[in-house]
Amino acid sequence: MLFTQLVLSLSAIGVARGRPSAKRTSYAIKERHIVPRSWTKLGPASKRDTLQLAIGLKQQNEGLIEQHLMEVSDPGHERYGQHLSHDEVKAIVAPSNETLEAVQSWLSDHGITDWIHNDAKDMIHCSLSIEKAESLLDTEYHAFKHEDGTEINRAPEWSLPEYLHDHIDIVQPTTSFFHPQKEVMEDGQPWESMSYWQSQNKPGMFGEFATEKCKNSPGNPNTGGGYQVPQTDAQQDASREPGGDAVDDHNDMGIPLLPGHQAVGGDISQVCETEFVTPQCIRTFYGTINYKPQVPDRNGMATTNYLKETAHRGDIELFMKAFRPDAVPVANAFEYEVIADGANLQGAYAQETIATEANKEANMDATQAISVIYPSKFKVWSTGGSPPIQFAQSTPKNTNEPYMTWLDHALGQKELPNVISTSYGDDEQTVPYSYAKRACSGLAQLGVRGITVIFSSGDHGVGKEGACFSNDGKKTPKFLPEFPASCPWVTAVGATAGFQPETATVGFASGGGFSNYFSMPAYQNATVLRYIQGLGGAHQGLYNPNGRAYPDVSAQGNHDVIVWNGRTSTMGGTSASAPTFAAVITLVNDALIAAGKPALGFLNPWIYSTAYRALNDIVQGSSFGCGTKGFPAVQGWDAVSGWGTPNFSRLVQEAMSSAPRPQR
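Letter by letter, the sequence shown follows residues -18 to -1, 1 to 646 of mature numbering (1 follows the signal peptide of the UniProt record, and there is no 0).
If you are wondering where the hints come from, they were derived from the structure by calculation, not from laboratory data.
Just so it is clear, the structure is predicted and the values come from calculations on it, not from any experiment.
Where a beta carbon is used, it is the ideal one built from N, C-alpha and C, also for glycine.
One should not assume that every hint holds.
[Stated by the list, open to error] In silico lysine-lysine, DSS-like type, Cα no more than 30 Å apart, as pairs:
{"no.": "1", "residue 1": "Lys303", "residue 2": "Lys396"}
{"no.": "2", "residue 1": "Lys114", "residue 2": "Lys290"}
{"no.": "3", "residue 1": "Lys457", "residue 2": "Lys127"}
{"no.": "4", "residue 1": "Lys446", "residue 2": "Lys23"}
{"no.": "5", "residue 1": "Lys457", "residue 2": "Lys290"}
{"no.": "6", "residue 1": "Lys127", "residue 2": "Lys290"}
{"no.": "7", "residue 1": "Lys456", "residue 2": "Lys611"}
{"no.": "8", "residue 1": "Lys103", "residue 2": "Lys457"}
{"no.": "9", "residue 1": "Lys103", "residue 2": "Lys23"}
{"no.": "10", "residue 1": "Lys127", "residue 2": "Lys456"}
{"no.": "11", "residue 1": "Lys127", "residue 2": "Lys29"}
{"no.": "12", "residue 1": "Lys127", "residue 2": "Lys114"}
{"no.": "13", "residue 1": "Lys290", "residue 2": "Lys446"}
{"no.": "14", "residue 1": "Lys23", "residue 2": "Lys457"}
{"no.": "15", "residue 1": "Lys396", "residue 2": "Lys419"}
{"no.": "16", "residue 1": "Lys184", "residue 2": "Lys274"}
{"no.": "17", "residue 1": "Lys127", "residue 2": "Lys72"}
{"no.": "18", "residue 1": "Lys396", "residue 2": "Lys127"}
{"no.": "19", "residue 1": "Lys456", "residue 2": "Lys446"}
{"no.": "20", "residue 1": "Lys396", "residue 2": "Lys290"}
{"no.": "21", "residue 1": "Lys419", "residue 2": "Lys446"}
{"no.": "22", "residue 1": "Lys419", "residue 2": "Lys127"}
{"no.": "23", "residue 1": "Lys456", "residue 2": "Lys23"}
{"no.": "24", "residue 1": "Lys72", "residue 2": "Lys396"}
{"no.": "25", "residue 1": "Lys72", "residue 2": "Lys103"}
{"no.": "26", "residue 1": "Lys103", "residue 2": "Lys396"}
{"no.": "27", "residue 1": "Lys290", "residue 2": "Lys303"}
{"no.": "28", "residue 1": "Lys127", "residue 2": "Lys23"}
{"no.": "29", "residue 1": "Lys419", "residue 2": "Lys72"}
{"no.": "30", "residue 1": "Lys303", "residue 2": "Lys184"}
{"no.": "31", "residue 1": "Lys114", "residue 2": "Lys457"}
{"no.": "32", "residue 1": "Lys103", "residue 2": "Lys114"}
{"no.": "33", "residue 1": "Lys290", "residue 2": "Lys23"}
{"no.": "34", "residue 1": "Lys290", "residue 2": "Lys361"}
{"no.": "35", "residue 1": "Lys457", "residue 2": "Lys446"}
[Said to hold, decoys possible] Pair by pair, the computed Cβ-Cβ distance ranges are:
{"no.": "36", "residue 1": "Ala449", "residue 2": "Asp96", "range": "35 to 43 Å"}
{"no.": "37", "residue 1": "Gln180", "residue 2": "Ser251", "range": "17 to 25 Å"}
{"no.": "38", "residue 1": "His147", "residue 2": "Glu317", "range": "24 to 32 Å"}
{"no.": "39", "residue 1": "Lys303", "residue 2": "Glu122", "range": "51 to 59 Å"}
{"no.": "40", "residue 1": "Glu257", "residue 2": "Lys29", "range": "48 to 56 Å"}
Make the full structure from the sequences, and use the hints.
Have a look at this one:
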């Protein structure tokens, strides 16, 4: 009822505004954005090049999605866990008929009739020549080259008829120079055969031995193949005092509640090595190794890939044979969806793939996830550079916005995995505010549907050395926050290293900081303000103390094992951390769903209010960068590790105690 009343009341306001009294044709600048320093202008774009233009129409009921999101994600709210459906979200954001008619008429006036709209009708896609796009937007396109060699066509300034300014939010590709960067780091270890690494490390770090060892380790209360979820709320409540504190050292799932980093599955010294971090170590260290998913067919997670990355089934199979033998079949069975001509190059590696070192990111994401969540469902999206449908014309340059292409596609799906992990990002200032706002709103739409959206926080601390300047032409020294990690409606994951103790990474700087685009959300106000006060004025003027702070949490991201092109080595980065944390949450969701409760959805209000108690606090290290030590790790939340790393048993306990009671 509350949902219906809010939609009807706000929709009525939109209708009352009425149509413009007369159509005006005078153009005015809608947006301009300074070219980031990593891009160089080459010259005018060829008029014959084609663009896959995406026109984002003004959505109705601005702010309502975010209001719903906070209510259904807050354990203290009566609507907690009452996620919206795909159709309910679409009804909120769909543009008004007035907006649809105005934009379609404008396109028709320019002779553009070959276009499509997305599922919610808030995005129109059309294929245009550069010449036609320049006329439509009263602009000039130029070719730009990134320092990594990528070439694109962009227009740093564009215009619209004045009467359309209130009907169109964004048009891309124009001002956005968002260039998703892989968040994976080489760490100097050799690429060798698996047998070589087996000869160099403890047997317990590999598949069968570690699994059997941990099943039979002393003190493990469940040796029968997995913990059982509670069947009734009475069972859950019986082990808790009225105040909510556990009264013994086990939760109602039978999972031991061990302090700090004591391994659930046994002695970590037998399965963990700081220079060669395997799934056995991760699963033991974070306490998932003896959890057997109860509803694998009803729960799962996905990863997203760009930049011609392929999750290579052959490499994944080799990985699973060594580290998770029971999961070998999934290597050739997981769902792989290609969007806009994305990469899916299986079989023998091509020379180009080897030369560009493609697939390291995708393989890392997939193996980190599968090795933890199996046999829960796993999916990969691979998004490329083509438009949503194949038009007659082709484009010779990578002119699209692949991230928005994926987001637009995902929002149109009625069924999605419960957790989605992405290990790509770029400096926030590479995109105009309109782009960031629109993308962030789309991520909120996923969250309100009960989808947990995870992003890596970046691998350059507070900013890359030598690049820490404003993008407004003044070159003002400043820290560089990462997007989309800076969006307040996602959970950003930093990277940690080591085990006794676990600290922030040292070989590279885990990303952390404060957004210059998005205000600090209410769920983190008190926590983050205390942290800022504790800084004592350090770095004043280099960051926005009123901005959304990140990361929210962290996980291991240093010397993680990877198989690539049939060889084995280790790599680091928040690319390992994000899918690892996402995988742990996937197992928490499994326990919830098996108990008749909804999946967690957007995590942050839950984490900042209660679930932080289920995370291992990281108190050593910093998010160094920009020629500074960056932000320090401290007790509690910090802009290096967030609240810390996952303790599975405690997370399940917090989730069970917070979740709505199942309907009877």
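For a quick check of understanding: which of the numbered hints are violated here, in increasing order? Failing hints, ascending: 1, 5, 8, 9, 17, 18, 31 and 38.
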